[in-house]
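**Student:** Sequence:
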Amino acid sequence: MPYWLMKTEPDTFSIDDLANMPDQTTIWDGVRNYQARNYIRDKIKIDDNILIYHSSCRNIGIVGWATVVRDAYPDPTQFDPSSRYYDPKATEENPRWFSVDVKFNNKFNQLVSLATLKDIDGLKALPLVKKGSRLSVMPVSNSEWKIINALAN
DNA sequence: GCCAACGTTGGC
DNA sequence: GCCAACGTTGGC
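Position one of the first sequence corresponds to residue 0 (numbering that gives the first Met the number 0), numbered consecutively onward.
Hints listed in this document are in silico derivations from the structure and should not be mistaken for laboratory results. Ideal Cβ placement from N, Cα and C applies to all residues, glycine included. Be aware that one or more of the hints could be misleading.
Said to hold, decoys possible - Simulated crosslink set (BS3-like; lysine-lysine; CA at most 25 Å straight-line):
| hint | residue 1 | residue 2 |
| --- | --- | --- |
| 1 | 6 | 129 |
| 2 | 6 | 106 |
| 3 | 145 | 130 |
| 4 | 130 | 44 |
| 5 | 130 | 6 |
| 6 | 102 | 44 |
| 7 | 123 | 6 |
| 8 | 145 | 117 |
| 9 | 102 | 130 |
| 10 | 117 | 6 |
| 11 | 123 | 42 |
| 12 | 123 | 102 |
| 13 | 102 | 88 |
| 14 | 42 | 6 |
| 15 | 145 | 6 |
| 16 | 145 | 102 |
| 17 | 145 | 42 |
| 18 | 117 | 106 |
| 19 | 145 | 106 |
| 20 | 88 | 106 |
| 21 | 88 | 129 |
| 22 | 44 | 106 |
| 23 | 129 | 42 |
| 24 | 102 | 6 |
| 25 | 106 | 123 |
| 26 | 130 | 88 |
| 27 | 129 | 145 |
Claimed, not checked - Simulated restraints on C-beta separations:
| hint | residue 1 | residue 2 | range |
| --- | --- | --- | --- |
| 28 | 115 | 91 | 40 to 50 Å |
| 29 | 8 | 85 | 27 to 37 Å |
| 30 | 88 | 58 | 32 to 42 Å |
| 31 | 18 | 44 | 14 to 24 Å |
| 32 | 88 | 123 | 31 to 41 Å |
| 33 | 149 | 92 | 43 to 53 Å |
| 34 | 72 | 104 | 38 to 48 Å |
| 35 | 57 | 105 | 14 to 24 Å |
| 36 | 45 | 85 | 39 to 49 Å |
Work the whole structure out from these sequences, hints included.
**Tutor:** Below is the structure:
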């Protein structure tokens, strides 16, 4: 089963916010990067697992994981002029941006910090730890998933 | 808050 | 199609 990692700013939406949602489920909206969009639209499927990463905050790192419960569909915020994610060039007939729904699964007992991730040889290929990488949705291999789960316990 | 690195835009 | 200018990301 494929694995992924998605970034979120906890000040905007944290893993605790996800755990507190009705049915512990939310739309993952606001992705506005083409490479990340392509993963969401074309690759990410129901039952795939998603590591949740907190960025731009005090405690940076992977905090837990969720599971995809709905395949890609047009991100409604692109059509909403009042949304910060509004995109005037997107149309219902020709949407640019896509979302999936994700459901909370587990919060790690301890955060796996970015500094820790950068220190592990088996994680060097992960875009997250590469200098200058800004990709907000990325694939995670089976072995990377295992390493990260081991670090979380 | 700073700023390096990156992705996108738009003039040519 | 190039590339300068701009806006954004995200660690520190």
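**Student:** Failing hints, ascending?
**Tutor:** Per hint list: 4, 9, 12, 13, 20, 21, 26, 29, 34, 36 violated.
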